[in-house]
Structures are given as structure tokens and as C-alpha cells.
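Start from the sequences and build out the full structure, keeping to the hints where you can.
Chains as they are written, first to last, in numbering that gives the first Met the number 0: chain A, 0 to 174; chain B, 0 to 174.
Honestly, the hints are just simulated from the structure, not real lab data. Hints should not be assumed to be uniformly reliable.
[Said to hold, decoys possible] Computed cross-link-like contacts, SDA-like style, restricted to lysine to any residue with a CA-CA straight-line distance of at most 20 Å:
#, chain 1, residue 1, chain 2, residue 2
1, A, 114, A, 9
2, A, 48, A, 72
3, A, 83, A, 93
4, B, 16, B, 174
5, A, 80, A, 48
6, A, 83, B, 89
7, A, 48, B, 31
8, A, 83, B, 100
9, A, 48, A, 158
10, B, 83, A, 14
11, B, 48, A, 32
12, A, 83, B, 96
13, B, 48, A, 31
14, B, 80, B, 70
15, A, 80, A, 90
16, B, 83, A, 9
17, A, 114, B, 33
18, A, 48, A, 167
19, A, 48, A, 166
20, A, 83, B, 12
21, B, 48, B, 70
22, A, 83, B, 80
23, A, 80, B, 16
24, A, 83, B, 70
25, B, 48, A, 30
26, A, 80, B, 139
27, B, 114, B, 141
28, B, 114, B, 143
[Said to hold, decoys possible] Chain A residues, not near chain B, derived (Cβ > 12 Å throughout):
#, residue
29, 6
30, 13
31, 84
32, 85
33, 86
34, 94
35, 97
36, 100
37, 105
38, 123
39, 168
Here a beta-carbon is modelled for each residue, glycine too, at the ideal position from N, C-alpha and C.
2 protein chains.
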Amino acid sequence: MEFQLEPYIRSIPDFPKPGIVFRDVTTLLKDPSAMTEAVRRLAAPYREKGIEKVVCIESRGFILGAALAVELHAGFIPVRKAGKLPGAVHREEYSLEYGTDVVEMHQDALRRGEKVLLHDDLLATGGTMSAAIRLVERSGGVIEGISFLIELDFLNGRPRLAPYTPISLIHYAAE
Amino acid sequence: MEFQLEPYIRSIPDFPKPGIVFRDVTTLLKDPSAMTEAVRRLAAPYREKGIEKVVCIESRGFILGAALAVELHAGFIPVRKAGKLPGAVHREEYSLEYGTDVVEMHQDALRRGEKVLLHDDLLATGGTMSAAIRLVERSGGVIEGISFLIELDFLNGRPRLAPYTPISLIHYAAE
Chain A
0 MEFQLEPYIR SIPDFPKPGI VFRDVTTLLK DPSAMTEAVR RLAAPYREKG IEKVVCIESR
60 GFILGAALAV ELHAGFIPVR KAGKLPGAVH REEYSLEYGT DVVEMHQDAL RRGEKVLLHD
120 DLLATGGTMS AAIRLVERSG GVIEGISFLI ELDFLNGRPR LAPYTPISLI HYAAE
Chain B
0 MEFQLEPYIR SIPDFPKPGI VFRDVTTLLK DPSAMTEAVR RLAAPYREKG IEKVVCIESR
60 GFILGAALAV ELHAGFIPVR KAGKLPGAVH REEYSLEYGT DVVEMHQDAL RRGEKVLLHD
120 DLLATGGTMS AAIRLVERSG GVIEGISFLI ELDFLNGRPR LAPYTPISLI HYAAE
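Right, dumping it as C-alpha cells:
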């Protein structure tokens, strides 16, 4: 029987605020077999794509993203919140429920034409990932794929990532 | 000739403030051979230690720590800043240059007696890691090792981690 990842995700009601069901990945990450299986499945579609860099979003995206980079023998590149990266950066804003936030990537992280896989742990509204896409495009990276462990289908983030088609291992159709 | 990791670290003067030389690991992480070699060397002392969990400190500690967990076939456990973890947590304060900060770990992350390797990317004054040690001890974890990619010897953080003896791959004797 196929290994099921879903049972390793813990659902915590009313976090971070009332009415939200938080999908907690820490219960998957602490199980070595589940974590190894998640990395294997995230890597599988990209093994023959010549991925050179895995660009990962701070901070939960760093976890499986780093393991994915090693698995694909690609370099790891962080996209971080404002002011964290020490070198010269590109910046992109994205909108939140109230206001905006900023993510940054080192200007010299990518060489033009490098093949990139983007990764984060969870696709919600897609705001952060769409900003990360713009960062990669500004640096001349070629986006070969976008991967998530979890996708919250009901928040409809997927169209915001067009023309790219993300791959998510676990889907939640409703809250 | 042995693979040298040091040349992959970039030194950035006056970040985050004048007089500080920031040791930037992103230039190592983006090189697949250097990253793989770093993970191999971080894992080497612990391969026969039966490590069950790698406890990693947000957020740069997540990167090599996650790859290390997969390499050792151990579970990954995050130590995070206040308010980020959705379940019931243990909290520990630690002192900063001005004031204090807090780190948290899920109360059910570890089982009593589990063998733990702690990881962060850089040992400076040791404040965050000493708080992480207390979190693991409160949960009954048995600390088998503490590893860092970089240690700033001149900040003298090592004695603060006693009775544990950390292993660091790269040392800077002076600023």
C-alpha cells in the first residue's frame, strides 16, 4: 500500500486566530520515514529537469527545500524577509490581508538562464510565492517548477502563479 | 586534496551594523558540492550515535539541519521564535545585547529518552543555543551532540554550552 503523508499533518483549530484551521507540518517533519518520503515525492517530477537551484521561502520553506536541494544535487537559495540578507538584494512587495510585506533575494544568487525549482511548505493565497517568482524572473532564472507540501485549494492561490503550474503533495479542498 | 569549505563563506563588513563582519553562508549553500560536503561532515561524528531527532534553530539553522536530519534518517524538530508554533509549547528566554528574546519548542516534539542532535548555522555568544538546550532537557531529550557550521571563537560562546562540547566545521579566531 502506498505511503500516506496526510495522516502526519496535524490540524489545529483557531490558530493563529479564531476560525482558521492551521495545518501543522511539524508532526510530519519529526517522523523520519514521512520526511524522507515527502522529499522523495517533491523531487520526483524534477529529477530529469536539470534543476540547478532550489529557491526556498523563509522560514518553513527552508526545511523541506534544503533537503530537496541536496536530493536534486542543486544549490539552495533563500528568499528572506526584509533586512535579513547581508548582500545587495532585489526586493518585491506582496499584499497581505491588511497592508503589504516584502521579500528579498541576493542579486547575485542566480546566474541568468539557471534552471530553478521554487519551494514553500504551503500554498494559501499565493502572495509570497508570486513575489518569489518575480524575484527569480528579475535575476534571469528559468522557472522549471514550483512545489509545495500542502495546498489550501479553497484559497485559490494557484491562478496567481500563472503561467506556472505548481505541484502540491497534499490538498485541502475546504477549511 | 581535501575539500575546503572556508572559501565558500563570504565576509560582509559592517552588517548588520558598523564594525561587525557578517559571515554569509548563502554562498556556500548555493554551491551543491559545498552544501553536500557540509552535510556529510556535520553528520560524520554522529552516524553511529543512534540520533533520533535533529533539533534546529529558526531560521538559518533549518537549512543544513533539515538536510542533516534526512542524512541521519532522524526526525526534524524546529525551535522557533515566540508565537510561531501552533501547538502547546515550552518557552525559554535568553539574553541579548539589549533585553531578552524567547524561543519555543512543541511540548510533544520529543519523547523522554530520545537521542538528540542540536544544530544551528553559527555559534556566536551561545545564547540561543543554551536556551535550545534547556528546551530539549525539559522535554527529557538526551543530548548526544551539538553542531554548527561556523563558530566565532572570539565571542567565547562554547563555555556557555557546557557540559556539552559542540562540533563546528569552520572557526574564526578573530573578527
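Evaluated hints:
1. A:114 to A:9: violated, 34 Å
2. A:48 to A:72: holds, 12 Å
3. A:83 to A:93: holds, 17 Å
4. B:16 to B:174: holds, 14 Å
5. A:80 to A:48: violated, 29 Å
6. A:83 to B:89: violated, 26 Å
7. A:48 to B:31: At roughly 16 Å apart (the allowed maximum being 20 Å), residue 31 (chain B) and residue 48 (chain A) satisfy the hint.
8. A:83 to B:100: holds, 17 Å
9. A:48 to A:158: At roughly 23 Å apart (the allowed maximum being 20 Å), residue 158 (chain A) and residue 48 (chain A) break the hint.
10. B:83 to A:14: holds, 10 Å
11. B:48 to A:32: Given that 20 Å is the threshold and the Cα spacing comes to 18 Å, the pair holds.
12. A:83 to B:96: holds, 18 Å
13. B:48 to A:31: holds, 16 Å
14. B:80 to B:70: violated, 26 Å
15. A:80 to A:90: holds, 9 Å
16. B:83 to A:9: Given that 20 Å is the threshold and the Cα spacing comes to 15 Å, the pair holds.
17. A:114 to B:33: holds, 19 Å
18. A:48 to A:167: holds, 18 Å
19. A:48 to A:166: holds, 14 Å
20. A:83 to B:12: With Cα atoms ~15 Å apart, residue 83 (chain A) and residue 12 (chain B) stay inside 20 Å; holds.
21. B:48 to B:70: holds, 13 Å
22. A:83 to B:80: OK: residue 83 (chain A) and residue 80 (chain B) at ~15 Å, within 20 Å.
23. A:80 to B:16: Given that 20 Å is the threshold and the Cα spacing comes to 18 Å, the pair holds.
24. A:83 to B:70: Measuring from Cα to Cα gives roughly 28 Å; hence the hint is violated.
25. B:48 to A:30: Holds, because 18 Å separates the two Cα atoms, which is no more than 20 Å.
26. A:80 to B:139: violated, 34 Å
27. B:114 to B:141: Within the cut-off at roughly 5 Å; holds.
28. B:114 to B:143: holds, 6 Å
29. 6: holds, 15 Å
30. 13: Incorrect as stated: the minimum Cβ-Cβ distance to chain B is 10 Å, not above 12 Å.
31. 84: Violated, because the least Cβ-Cβ distance between residue 84 (chain A) and chain B comes to about 7 Å, which does not exceed 12 Å.
32. 85: violated, 4 Å
33. 86: Given that some Cβ of chain B is not farther than 12 Å from that of residue 86 (chain A), nearest at about 6 Å, it is violated.
34. 94: holds, 22 Å
35. 97: Consistent with the label, residue 97 (chain A) stays out of reach of chain B, its closest Cβ about 18 Å off (over 12 Å).
36. 100: holds, 15 Å
37. 105: violated, 6 Å
38. 123: holds, 15 Å
39. 168: holds, 16 Å
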